[in-house]
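Model the placement of chain B on the given structure of chain A, informed by the hints.
Top to bottom, those sequences are chains A and B.
Be aware that the first sequence starts at 1, since it is given in the working numbering, and climbs by one per residue.
Be aware that the second sequence starts at 1, since it is given in the working numbering, and climbs by one per residue.
Calculated from the structure, these hints are not laboratory results.
No false leads were mixed into what you were given.
With a straight-line cut-off of 20 Å between C-alpha atoms, the simulated DMTMM-like cross-links for lysine to aspartate or glutamate are: (1) A:LYS710 to B:GLU60; (2) B:LYS101 to A:ASP707; (3) B:LYS101 to A:GLU708; (4) A:LYS684 to B:ASP100.
Values in this document were obtained by computation on a predicted structure and should not be read as measured data.
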Amino acid sequence: MIHEGIGNWGHLFVIVSFVSALAAAIGYFFTTKTQLQTNNNTSDLSTWRLFSRLNFGIHAISVLGVIYCLYTIISNHYFEYHYAWSHSSKDLPWYYMISCFWEGQEGSFLLWIFWHVLLGLVLIKVNKTWEAPLLTIFCLVQAFLTSMILGAVLPVLDLKIGSSPFILLKDFMGDIPVYKANPNYVPEDGTGLNLLLQNYWMVIHPPTLFLGFAATLVPFSYVIAGLWFKKYKEWVQPALPWALFAALVLGTGILMGGYWAYETLNFGGYWNWDPVENAVYVPWLILVASIHTMISYKNSQSALKASVILVITTFLLILYSTYLTRSGVLGESSVHSFTDLGLKNQLFIYLAAFSLLSLYLVIKSWKYIPGTQKEVSTYSREFWIFIGVTVLCLAAFQVILPTSIPFINSIIRDLGFESNMAPPADQAVFYSSWQIWFAMLIAFLSGIGQFFWWKKMDKQKLFSSLVIPVIVSLLISTLVILAIDLLKFDKTISGEPDYIFNKIKYILLWTLSIFSIISNGKVFLSLVKSNVKLTGGAVTHMGMALMLLGVLFSSGYSRVISLNQSGLIFSKDADNAFNTENILLWRGEPTPMSDYILTYKGSRFEVKGFPGYADAKDLFVTEDELKALALKDLVADGKTYFTKGDTVEVHPENTYFEVEYTKNDSSENFSLFPRIQSNESMGKVVSPDIRRFATKDFYTHITSFLDEDKREWSDPEEFKAKIGDTLFINDFIVILNSVNKETDIPGMQFGPNDGAITAHFTLLGKNKTYELYPKYIFKIGYDHLGKEEVLLGHMPEILPELGLQVDFVHIDPQTETFTFTQSTTQKDFIILKVVEKPLINLLWIGTIILVIGMAIAIYRRYSDFVKNRDTVANI
Amino acid sequence: MKISHILIIIIIAVTIGVIVSTAGNASEYVSFDDAFELAEDGNSKKVHVVGKLKKSPDGEIVGMLYNPALDPNYFVFTLADNKGLEKQVVYYNPKPQDFDKSEQVVVIGAVRNNTFVADEILLKCPSKYQENEIQL
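Same shape as in the complex, but just chain A:
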């Protein structure tokens, strides 16, 4: 059955939300005009204002309506809708239904739209004076965004506007045979949520990121409103807490994404300088720069023009990154693949409209914006803030320029020229080699800036307040450099020419970050006694310096420890010497690696209701791929969770490879379970498993493995045996202990005369003995004439560790001789890469401290705003 109603409602709500956003934008525009003409700053309830609020109310309700309809379609599995079919499936728990909602572009636009509605309502509540101009901008943005999901075709121009999430599958697919046969065909199940996104971080990362995106609209609206209202200065105070809020949320969102990547992808880290990551990192940097100029303006009336430009740039960069990621321009150069919905032109118009609008307003008001009059002194805080902001902007420019190469290419090609430019080959090396210098400057400036911040400085005072932090930090960093030997000469990469140079850079960054922590710590201690509210800056900067240290150690001092020590090298090429970073582990064969002995123990599945992982060998995956039969009792820590023959829930697309680590001195023993996922849309996806120590992470991932489906067996060789015989199979000693009848085999229905004959072999391997149970199965069945016939089958025993298979093929009751076959294949193995990442915890701890610091700053700036608003209102 096709549920057409809900989709029609949804589509209607989209149209209403678009029209009401436009109406509200126009309404608020005229409200602002009257407010300007009458010079009336108070919140009168003119007809225009009522009209606008009514429309914004309708807009809010219809947006909720759209969300309700789309969520209903997804959660009720209405697979006649393309969105539900392509983004969800029946087996997903409810919290992944939420992820399905924003897996597609349309859903993520909706999420963004939703946050704007919420923020718009908050603004109406807290700032009535600015409501009209602010909401004009908001509603205009909303009109653009809702148009992206409009899915309407302009009749005359034959122009498609937006892509509707409520399109039916049959309309999407067009003329395909299925619908010719049955126009009401509804697929049984959807194609599911990309398995990589089935992760708790992916439930909260997108909403956080989009809240961050949405929040940058608030300071942008304030500055535009200020220029329009001719309140060239007054916009700063109310915009500042919002800019801080946006930086906090956006920063958290970016790091959540990084953390997800660290846990799930095989980048080898939390940051890959992927274009999509860069596209949000750059606006964040500019946003942080704008916060500094705004604070500088609040304190000393300088840098207002810079604030105007930076706040506007932040928002435009968000639009630019939206354009880059959703227009298909980035194409193959990114792991984040939004399918191209043909919105390229529409997104470009959105970006261009706001760029031109801002440019017009800025040019028009430029001469009215108060500038900084006198030359700033080197001993003033404005000077140091200005330097810091410049560094942040240059850092942003350095990232956005190479990231834009695909965009530049597309423009050059649109103009009819040819362009072969590609992004830098070694992205990580290229970006890091620049960003580390910016990081050093930022660490230094954030340390020194705090002193200028709280006191009027001159040469004398500067010297006296700096002397202690400088000495202390030099002392600490020198001691640590010597103690843990940061200069240690690492033989594996010492051949690189930049080696010494890199080490010097690392040591500089280390020392400067320590300096930043010490001096901010000193400022923190002096402020915390008098007023905790003022400590936001110091705490934030300490968090940032800790993050820099975490990045420095986890990346700069990361070390591949899975070096191939077998001594076997295929080719003797010169540069092959460095390329031994992967180690091969034969199944069941302990192999030395660094200070550990590694043993690959076999493949594992996750079983619902069972702690840890179950041996894949003990499970038989049924035709319904999410169910498996237990071939043995599933026991963990002495407790039996499932008994033989039970049906259990599994996710067989995820295979975990158990690797046991034993320290050479036996002081440590643990197992890691790196994962390979057979991802429908992305092929085989590798996920690491991470062993977390306080001071380092062991990051383990599979770089290659033997695919069971691709195993090729040798031709079976027959051999005969009697009970008690000892034989040689493939150079192993094998004893046939017994042959017994069995009737309890999971997944098999046996009648009274049916059964299985199980042979029991013991095989003496190199490291251990193996028990083999090949089975010979007989069942009484009936042929098509109703005549009784015996059905025979066999279940071979496979030993992947030895690459050996033994099958039970014949029984001779007269002579009590049994016939078996054996065949061989490649022994099971995995290839592993293990990277040690020291002190990565500093990055996570630093992030938390940074968030706390920003929260303190938001609290302070917001209470300033409230105080000011209420005093002004009372006059």
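Same frame as chain A, but now just chain B:
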């Protein structure tokens, strides 16, 4: 000279530096011919080469060698670039999963000692389901 002037000069210098380094580090999509020419000129810059795997008439990949038991960090295969020129490519890493299934391969690297050495391999695989197909 005021401090602000010095600062402006520094800012301009860094900006130019960024632009120059971006242009200098930007890689290029080239053919094997160009890649070998670059190497002959002593230019070790890494380039992108787009191509397809060499296959026999019955669809088997030919000219590929990977023996993990001997050396897990050595993989060699034959790639035909967009102009049809076939060259051996060496990759000092394990063979990527799904390599056999890929339709198009992008290798990023440079010619060293007369062989193309790939530092990175990007695969374009056909997805299991196409957006315009329904599996019944």
